[in-house]
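S.K.: In case you want the letters, here they are:
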Amino acid sequence: MLKLLLSRLATAVPSIVGVVVVTFMLTRLLPGDPAAYFAGLAASPQAIAEIRTKLGLDKSLPEQFVGYIVDLAHGNLGNSLSTGQPVVTEIATRLPASAELTLFALILAVGIAIPLGVLAAVKQGTWIDHLCRIVTTAGVSLPVFFTGLLFAYVFYYLLQWAPAPSGRLDVFLSPPTHITGFYLIDSALTGNMEVFWGALRQLALPAISMAIFSLAPLARMTRGSMLSVLGSDFIRTARASGLAPGTVVFTYAFRNAVLPVITVLGMVFSFLLGANVLVETVFAWPGIGLYAVNALITSDYAPVQGFVLTMAVLYVALNLAIDLLYGLVDPRVRLDS
Amino acid sequence: MTAVPALAVEDLSVEFRTRSGIVKVLDHVGFSVDKGETVALVGESGSGKSVTAFAVMGILDPAGKVTSGRALFGGADLLALSERDLAEQRGRELSMIFQNPRTALNPIRKVGQQIADVLVRHGGATRSDAPRAAVEMLKRVRIPDPERRVEAYPFELSGGMCQRIMIAIALACRPALLIADEPTTGLDVTTQAVIMDLIGELAHESGMATIFITHDLALAAEYCDRIVVMHAGHVVEAAPARELFAHPRHPYSAKLLAATPGETVSLAELASIPGGLPDLRRPDLPACRYSGRCERRIDDCTKPLPHRVVDERHVVSCWNPL
Amino acid sequence: MIPLLRHARYVLSENPVTGLAFALFAMLLVAAIFGPMLAPYSPLQSNAAMALKPPSAAHWFGTDQLGRDIFSRVLVATRLDLSIAFASVILAFMLGALSGVAAGYFGGWTDRVVGRLADTIMAFPLFVLAMGIVAALGNEVINIVIATAIINFPLYARVARAEANVRREAGFVEAARLSGNGEARVLLGHVLPNIMPIMMVQMSLTMGYAILNAAGLSFIGLGVRPPAPEWGIMVAEGANFIQSGEWWIALFPGAALMLAVFCFNLLGDGLRDIIDPRQRT
Ligand SMILES: Nc1ncnc2c1ncn2[C@@H]1O[C@H](COP(=O)(O)OP(=O)(O)OP(=O)(O)O)[C@@H](O)[C@H]1O
Ligand code: SF4
Ligand SMILES: [Mg+2]
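Read top to bottom, the protein sequences are chains U, Z and W.
So the first sequence is numbered by numbering that gives the first Met the number 0: it starts at 0 and just counts up by one.
So the second sequence is numbered by numbering that gives the first Met the number 0: it starts at 0 and just counts up by one.
So the third sequence is numbered by numbering that gives the first Met the number 0: it starts at 0 and just counts up by one.
There may be inaccurate statements among the hints.
Unchecked claim - Simulated crosslink set (PhoX-like; lysine-lysine; CA at most 25 Å straight-line):
| no. | chain 1 | residue 1 | chain 2 | residue 2 |
| --- | --- | --- | --- | --- |
| 1 | Z | K23 | Z | K302 |
| 2 | Z | K302 | Z | K254 |
| 3 | Z | K109 | Z | K138 |
| 4 | Z | K64 | U | K122 |
| 5 | Z | K23 | Z | K64 |
| 6 | U | K2 | Z | K109 |
What the hints assert, rightly or not - Far from chain W, some chain U residues (derived; all Cβ distances over 12 Å):
| no. | residue |
| --- | --- |
| 7 | M192 |
| 8 | L324 |
| 9 | P330 |
For the record, the hints were derived by calculation from the structure and aren't laboratory data.
Positions of the beta carbon are idealized from the N, C-alpha and C atoms, including for glycine.
So here's chain U without its partners, still in its complex pose (with noise of 0.2 Å):
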């Protein structure tokens, strides 16, 4: 198990290494004055030539770019224009929002996904099937920040059985106590159940948008390789050895089954990670994609390219556990390696 941990972290060094190239690369192609931008619209040019300096603009390439590697080791990510502050640190109180939001949709996406996936392979052809086939096909079609609005209106604005969607928590109640940041887990652990609801209520809609988005490739590929695990050579020997069922479809042909299930994670991931700067602005969520899309708007290029990088470093960690967990559920990978 060390050795596999081992050879899929040396794995993701190269993904680290293009992700550092690119987030720097992207620094050099603003268009025009990369310096012009940092300093923001209405600086002089004693400012840009000030910030020029600052960024080590003046050197050459490689060496802004082992300037741009010490900044990173420093944990270094610039500046805000906006709020003057550093962007790590408000990337870093950001972090937790956006986490809560992306995981409750993935428990939520996976909890859908796969029953359904089971359903409509072990009755193939039946009306769960269908119904199967329409939500991922459906699911993919829907714009994720069209889906939140539509639930908004119905849900709040008509229904009235949602809150305004305004971020985390209702202006009258203050957040819990700070223990992961998670509010649902923070509040859980203090006791605190009108917080807890609070928060499960300001989730609700925002985390439904996104897993309806992220559903179907997990819900395909569950079908798909059910499909073919309940059609393959050991199925036909568990059920000749008279195994019950549930034995069967569980035990023999799912813990199968799953491992592509499992490799198709990082695309929901990928999925999610997109999905949840567009999901944050339509719910006022107060995570790093709102952060950035703000950030955006203002031309304040330092959390954008922030931003760019953890979410990249985020995704490459979480392929990296989608790696290892793979190896835990199929003794092939962990023994071979």
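Start from chain U and add chains Z and W with the ligands according to the hints.
M.R.: Using the frame of chain U, we list chains Z and W with the ligands on its own:
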């Protein structure tokens, strides 16, 4: 000879629904296996040997349907049992081993657990003493170092080892009938002999009836008491192995034998029987499905096939047998 | 060709949804080509007196905060949305197919460079990378096209690479090589045409994603700028009115967007059934 056979298949017909129409894969198939007897089911690829076995076990694909017949086993008709009752019998009273042992085992479950699953399911052991019972089973199929091997995954074992595991799973509950569907395909020649000897011995030990499905006439002659020849979903001839080799009566059996010069040549390699199997989707299949390739065809051959009893144990379905 | 047509007819009869997708596609094409001619009002003409009116006989989809006719705007926007998606898919195809075929055909360092490039792009959550690219290149429509093409590039490169790799040793390629054709000619004249069908399926499948991606970018204010009619921007504008109950401003452009994506996704699945022989049963 009046004893009740372990398994008697009568009049078994099976159809498959496919996109290009209904395929009549089995047509009134009948044969029987006595207790302690080993019967070979031979015939070229596509003749319906596996489908016969699957139908008896009740594990046909959803597209397949039994349209007529009975499979009498232990006083009950297997084909009439509910899926639940049949599942009780499978693995306990009647078992099956398949070709390609590597793919026939669950790739991500330890082989010991796979044996234990069957034992626990059929009350052969409790969850707590199943691991020990699994080791016992590995000993019975002569796997060296059984304590360590129960912890192995199929991919860590050779094909021959995997087939022994399959045999252990099939025999775990000491069934009365074993169906072995080409159990040695994909194994090298020495392993083939070892596996066949093992099945033969275990069957002999427990007085188990065995159906051995194969392409390989030589193998069938060596290990089986009787041979049932299938062609295009028909049983064309059934006879004691030695008699069939000495006096084949059906033109197809004769061709098979004539085409088997050495001991190691299998039917799969034979291209010498002219023509192929008829298209089983045709609505106007001839009464004798071999008539398209037969050199002994006579006018009577268009009539429904007869069951000619050569002697008590030798039956042939042909209007103009040798 | 005839068996393919027969197979197409079979697929259509087996799966009428694909027929529906073709019909939707035709509708979208008509809207994209003739939209500006068919629109009952000017998509840009504001009319303060008519602001925020719900759907009516005169304004089927209602009017927005500036009194512009939403139906006309949704209709006219078709061309821009589809052009962005189409251009980016074509660009992704050209970059991806060429480099992928070269990688699969030559192997060696070509393969490694292309593979590393694709892996690096795939190391990002794709929408986030697209955001970063548009932010860096500047707020222009063309940059949406470029960003969307870049994030789709790895898909094309991988499919093309795998297909070319399989065909490298194929008889017809060998024959072309032996009859004295240069590597480039073999590649462009023999390998590439043979992987076209499967690339077509890929293109149709990524069209839907490209539309979503472009609309998402303009939703957060990247690329297309108001007052240009574009579905993503229109939904963003409507978002401000959802909480006060003016649903139609966001609903209709959003529905158009959804329908277009739905259409291309269905079409992609249908095309795959028709073209990709490995999926045939
Ligand atoms: N699931 C199925 N759907 C349609 N036809 C089938 C199916 N399974 C089997 N058949 C048909 O049934 C016929 C008999 O198949 P079967 O597998 O029993 O042959 P076999 O004698 O076991 O051959 P082999 O020696 O190759 O295993 C074949 O013609 C095959 O096409
Ligand atoms: S019945 Fe007639 S055609 Fe058929 S095998 Fe016998 S002789 Fe040949
Ligand atoms: Mg078979």
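S.K.: Each hint should be assessed against the structure and marked as holding or not.
M.R.: Each hint tested on the structure:
For the proposed pair K23 (chain Z) and K302 (chain Z), the alpha carbon gap of about 19 Å is at most 25 Å, so the pair holds. The suggested pairing of K302 (chain Z) with K254 (chain Z) holds, with an alpha-carbon distance near 23 Å, which does not exceed 25 Å. Among the hinted pairs, K109 (chain Z) with K138 (chain Z) is consistent with the structure: their alpha-carbon atoms are about 16 Å apart, no more than 25 Å. At roughly 18 Å between alpha-carbon atoms, K64 (chain Z) and K122 (chain U) fall within 25 Å of each other, so this suggested pair holds.
Only pairs whose Cα atoms come within 25 Å are accepted, and K23 (chain Z) paired with K64 (chain Z) is accepted, the gap being roughly 10 Å. For the suggested pair K2 (chain U) and K109 (chain Z), the alpha carbons sit about 21 Å apart, so the restraint of at most 25 Å is met. The Cβ of M192 (chain U) sits about 28 Å from the closest Cβ of chain W, beyond the 12 Å cut-off, so the non-interface label holds. The claim that L324 (chain U) lies off the interface holds: its Cβ sits roughly 18 Å from the closest Cβ of chain W, which is beyond the 12 Å cut-off.
For P330 (chain U), the shortest C-beta to C-beta distance to chain W comes to about 27 Å, beyond the 12 Å cut-off, and the non-interface label holds.
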